[in-house]
Each structure stands twice: as structure tokens, then as C-alpha cells.
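Trainee: Protein sequence lines correspond, in order, to chains Z and U.
Heads up: the first sequence is residues 1 to 324, going by my numbering.
Heads up: the second sequence is residues 325 to 657, going by my numbering.
Misleading hints may appear alongside valid ones.
As a list, the in silico DSS-like pairs of lysine-lysine whose alpha-carbon atoms are at most 27 Å apart [stated by the list, open to error]:
hint: 1; chain 1: Z; residue 1: K118; chain 2: U; residue 2: K335
hint: 2; chain 1: Z; residue 1: K271; chain 2: Z; residue 2: K315
hint: 3; chain 1: Z; residue 1: K143; chain 2: U; residue 2: K617
hint: 4; chain 1: U; residue 1: K519; chain 2: U; residue 2: K335
hint: 5; chain 1: U; residue 1: K519; chain 2: Z; residue 2: K315
hint: 6; chain 1: U; residue 1: K519; chain 2: U; residue 2: K594
hint: 7; chain 1: Z; residue 1: K186; chain 2: Z; residue 2: K143
hint: 8; chain 1: U; residue 1: K519; chain 2: Z; residue 2: K118
hint: 9; chain 1: Z; residue 1: K186; chain 2: Z; residue 2: K89
hint: 10; chain 1: Z; residue 1: K89; chain 2: Z; residue 2: K150
hint: 11; chain 1: U; residue 1: K452; chain 2: U; residue 2: K335
hint: 12; chain 1: U; residue 1: K617; chain 2: U; residue 2: K335
Just so you know, these hints were derived from the structure itself, not from any lab.
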Amino acid sequence: MAALTTKNIGGFLARQGIIVAFVLFMIGFALANDRFITMDNIFGVIRSSAILGVMALGVTFVVIGGNLDLSVGSMMSFSTIVVLDLHDKLGPALGIPAMYGMTLALGAFIGFLVGYLKLNSLIVTLGMLSAIHGLTLTYSGGKNMDIADKEGTWFGIFGQGSILGVPVPILIFALLAVVLSMVLAKTPFGRKVYAVGGNGMAATFSGVPRARVVFMTYLISAFCVATAGLIQASRSLGSQNTVGQGMELEVLAAVILGGASLLGGSGTVFKTVIGVLILGFIQNGLLLVGLEFYVQYVVTWVIIILAVWLDIAAKRGRLLSPIA
Amino acid sequence: MTKDTRANLVKQGAIWAFIVVELIFFTVAGNFMSVSEQSFIDFDNMLLLLKQSAPIGIIALGMTIIMINGNIDLSVGATFALSAIVLLDSMTWPIFAGLGDWVIPVSWTLALLTGVVLGAINGLIVWKTGVDAFIVTLGAMLGYRGLVFMYNGEQPTSHLNWTLVDFAEAQFLGLHTATWFLLGTALVLWLVMTKTVHGRNAYAIGNNREAAVNAGIRVGPHFLLNFMLIGFLAALSAVVFYSESGSVNPNDGMLYELWAITAVVLGGTKLTGGYGSIVSTLGGVIAIQLLRKGLGHIGADTETVNLVIGLILIAVLFLDRQLNRKGKEELKI
Chain Z
1 MAALTTKNIG GFLARQGIIV AFVLFMIGFA LANDRFITMD NIFGVIRSSA
51 ILGVMALGVT FVVIGGNLDL SVGSMMSFST IVVLDLHDKL GPALGIPAMY
101 GMTLALGAFI GFLVGYLKLN SLIVTLGMLS AIHGLTLTYS GGKNMDIADK
151 EGTWFGIFGQ GSILGVPVPI LIFALLAVVL SMVLAKTPFG RKVYAVGGNG
201 MAATFSGVPR ARVVFMTYLI SAFCVATAGL IQASRSLGSQ NTVGQGMELE
251 VLAAVILGGA SLLGGSGTVF KTVIGVLILG FIQNGLLLVG LEFYVQYVVT
301 WVIIILAVWL DIAAKRGRLL SPIA
Chain U
325 MTKDTRANLV KQGAIWAFIV VELIFFTVAG NFMSVSEQSF IDFDNMLLLL
375 KQSAPIGIIA LGMTIIMING NIDLSVGATF ALSAIVLLDS MTWPIFAGLG
425 DWVIPVSWTL ALLTGVVLGA INGLIVWKTG VDAFIVTLGA MLGYRGLVFM
475 YNGEQPTSHL NWTLVDFAEA QFLGLHTATW FLLGTALVLW LVMTKTVHGR
525 NAYAIGNNRE AAVNAGIRVG PHFLLNFMLI GFLAALSAVV FYSESGSVNP
575 NDGMLYELWA ITAVVLGGTK LTGGYGSIVS TLGGVIAIQL LRKGLGHIGA
625 DTETVNLVIG LILIAVLFLD RQLNRKGKEE LKI
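Just chain Z, with the same shape it has in the complex (with noise of 0.2 Å):
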């Protein structure tokens, strides 16, 4: 067992810090109070974060491609906005599709501007968050939109409804998280995701359709958005217009949390899901043994900083940076 020196333990601790993270955080819980081990506490845990770890599996896609996208709250606002009104004009069984259609091409623009047109990703998704919430509004008219009739519905059931015991949202997000990790991981699509991230050159030089590629990944983010929001409709049959503002940020937390670079090239489907599952269980956590909600805030940012600090350590085979 020569394996076991004391730097192949620091580097296993820096390389799958997060996951070990993960492990002791539910240990030190699950210690502290009794309840928060529990089936039903588990379940509204993930129940919660599913919206947020929906949004989170589509920017995952964006962020390996190399680029950014700031625009996934205001545009979950416009699709919880357009699927709640579309659902009394339509009927929900042709306003769910209508909705998924306008909100793909919202990504799709994005997707148009960085891909083919390149530009900053930065800048063009912050210019879309601020479009996008004033076309939420100038749809809405600025007022809240509720469903009319709320009792004879089956709108509810993707945010509400279980099948065998496990609340649909759950699944909505499990089955998500395979699909598309499947096609990160498993595809050729996926691979040329990783290569355009990595080296976008390279790609190019080896005949990778970088505009295409990262075209699609917008699209993707777009088709989780769309859901997330349909979750979000659908759990509370009403909302408000703001009401994914500020998550663009929380998503790229959980996704930078699960390990993805910002440089992209490097990142999976499955951390992004450690991530998002490690900040609702910290905050539900915290809930548990009497804290308030906003100190998982001031915990979430000491991990952020140390799990990519220990991440860039292990890589550079030191501790502090070598910045003169």
C-alpha cells in the first residue's frame, strides 16, 4: 500500500474535495439533529433545489463549452410569466409547448450572438437578463400573473403531484440529470462540448463546429429553463415577475461548487448535481439547527472559495498563488 503517503491523501482530498465535503456535511447534520436524516427531509430538500439544479444541469453544458450565462433567472421569470398566462388563453396541453418554443428561441438568439456571431459571452447574457426581464414585464404588464381557476387544474401535477411516493419534481430532475449526462459523457456532441471548452482553437483547427456547438449548448440551457420554470408555474399556479431573479448567479455557484472551470473544458453533469444537492442540504441544514436562512449565504461563500482554492492547489502542487 504504497499508495497511502501523505501527498496521495492530500490529492484524492483536493481532487474529490467536494464529494468528502458532501459526506461530512451530511454526517455533522445527521449528528446534530435527528430529523434531517429522515425520508421526508430528504425528499423536500431535493424537492426544493429542483428548480435551481434543473437551471444548473443546462448552464453546466454552457460553462464547459467555455462560456457564461447570466440570463437563466430572468429568462426562468419569462417562462413561468408566459406558461401561466398561456395556460388560461391556450389551454395548458398547447401552452407548455408554446411556452418551450418561446423560450428556446430566446437561447437560441444567445446562442446565435456568442456562437456565430462571437461575442463575450459575459456581456451578451447580462444584456439578455436585462432584456429579458423587460419583455417579462412588458408581457405581463408589470402585474402578477395567477391560473383563474385553481382547483380544476392539472397544471399542478409538475410541481405538486408524486408518482410511487416520489414527488414529480424529483423526477423531473433525476431523469434530466441521466439524459443529459449521458450525452456529456456518452456522445460525440458531448466530447466536441468538452474540446471547444478546453482549447476552442484546437477544435476549430480539427474540425469541430465550434459556432454550432456552442449554439446548441445555449439551446440546452434554454430547454432547462423552460422546465424549470414550468416547475416553478406549477408549483404555486401563480408568480410574480421577478421571481428568478438574482438565481443566475445561485446556478453558477452550484455549477462552479460541483467543480466546472470557468475557463471551461472541464466539469460533469453528476458534480453539477453534488453542487446543487450540497447548497440544499447546507441550507436546509442550518434551518435545522435553529440558524437562520441567511447564514447558509456566508457558508456557501467560504466553500465556494475554498473548493476552488483546494481544486487550483492540488493542480498547481501548492497552496498559495505564485502572483508576485
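Given the coordinates of chain Z, assemble chain U onto it according to the supplied hints.
Mentor: Okay, now just chain U, sitting in the frame of chain Z:
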């Protein structure tokens, strides 16, 4: 005049040309569409516009330096809120009870100090850990917001000091106090960026960090100094704004970072670092505020403003790329 400097002049003039276009458009359109009799280019209206640009403007000026240096700061909104809470709360602390109105400079100092310390934390982490500033300040945005909530729960923090309100509402030579702070900040930062070693090094680091290191520039201390500077400016912005309003909600300042970055980018500063100017950012700030006021003036809904600003931001990015493309970037893929 060489070709390069002429191109630079065109670029730096673009934002001011845009402002002139806005003024003409809203004046003409206002004649037909406005609900009020008042003309758009009203002197008082313009003074108010400058005053309203001050809070975001002061932050955006600091963001310019951070971005010229090749970094970004997403935590300014939370720093703004925490400094505001320290400002208002410290005025009610029992130890300062005997000071009377002399508590004002003390509270100001404490608030500004808060900003500097928060900025220094970010700067030190960026320097010592080597983690990208985007991630560090993204984390800090959450963390500092958590501190804001921990200070006073979800309750607003309020304290009105009438001497302070009088000071904040005063007009000196016609301009409001907030405007003076905005212009003063712009002047000082312009001097820093164009006349000092620190400014020159900030450009050099942003332009090519490796070359700067090889030239013997110590990158870390410049990062630290710039983050302390933007922390200070976020706090200054809070001081200017909350001296007048006297009440801060724990959610105040949210998304300020994005508005500030929008103004900086409109002013032509490059996200990749090494290029940008304080004066152009001032133009960007004024252009956005003009747009807000102008759209309101011609009777457009406030929601249209977000839409228009977002699309303009993308259009600017596109135009900038098209203009720069010839020659320089043709070789890059």
C-alpha cells in the same frame, strides 16, 4: 496624428455622440409624445439626472479600474448595503451619544472603512489563492449579503439625521451634493489612472499580465489596492445615497454590480482588461440615466427601459467588434 490615436478618439467620442443623439431624440420626440408640458432639456431636469446617476456612477467608476486591471467585482452591491447599514446604525451607538452632530464624520469614516475592509478581503483572496476574481467576488456577493442579513435580520435599518439630510440635499454652485461626489470621484480616479505609476501599471497588468510580471511589476499589491479602492467607492456611494434616504433594506444594492458593469461596458472598457477610460464610463453612466428618464418622458413604460438597455449593450458589443475587426483581429479565429 497617427491612425491609432485617431481611432482612439473616435472610440472615446462615441459615447458622448450617443448622449447627444439621445438628447436630440428625446427632445424632438418629447414635443409630440410627452404628457407633460415641460421640455426634456430642462436645466433642473438635467441637474436631477446627474444626482440620480451618482450612486451607480460612483461604483461604475471604480469598476472601470477593476476591469482595466483585468478583474471584475460582483460583490459591490452587497458591500454597498453593508456600508449603508454601518453608516446608519453607528449613528445610534451609545458610545457616540455625546458627540452630537460630530457623529456624522465618525459614522462616515466607519462606513468607508467597512467598504475598504470588505474590498481588502476580496483583494487578498484573489492575490494569495490565485482564484479568479469572478469566482471570488461571486462568492463574496453571497457572503457579504449574508453579513448584511446577520446584522439586523430582515428588518430595515433606519436612522434620520436632519443635519445630514440638509447636507445631502444642499446645492453648491447649482449642483447637488451627490453630483459633486460623482464628479470629484471621476476627477480623482482620472488623475490616478492617467498620471500615476499605479494607474499605468494597472493598464499594463490588464493588457498583458505575463509581460507586466516580466517587467518587474508586482501584480498582487496592485490587485489588492484596486479592490480596496472599489470597496471604498461602494461605501462612498452608500454614504452619498443613504445620508439622504436614511433607511436601508437588507436587499438594497442587489444587481448594482450588473448595472455598474453595463455602464462600464457602454463606456467602451474592455472586459479582457488593458483598455478603458474613466471619462468614458462617466459618459456610459449618464447615457443610461438619460435613457431611463427619456423613455419615461415620452411616456414609455418603465419596463421598456430594461429591454432597450439590454439590446443597446449587445449592439454596442457587436459594433465594437465590427469596428475593431479590420486588420487587427483578422488573423485570429
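Trainee: Indicate, hint by hint, whether the structure satisfies it.
Mentor: These are the hints, each one checked on the structure:
no., hint, in the structure
1, K118/Z - K335/U, "holds (21 Å)"
2, K271/Z - K315/Z, "holds (18 Å)"
3, K143/Z - K617/U, "holds (22 Å)"
4, K519/U - K335/U, "holds (21 Å)"
5, K519/U - K315/Z, "violated (39 Å)"
6, K519/U - K594/U, "holds (21 Å)"
7, K186/Z - K143/Z, "violated (45 Å)"
8, K519/U - K118/Z, "violated (35 Å)"
9, K186/Z - K89/Z, "violated (41 Å)"
10, K89/Z - K150/Z, "holds (14 Å)"
11, K452/U - K335/U, "violated (36 Å)"
12, K617/U - K335/U, "holds (25 Å)"
In terms of the numbered hints stated before, the structure departs from hints 5, 7, 8, 9 and 11, listed from lowest to highest.
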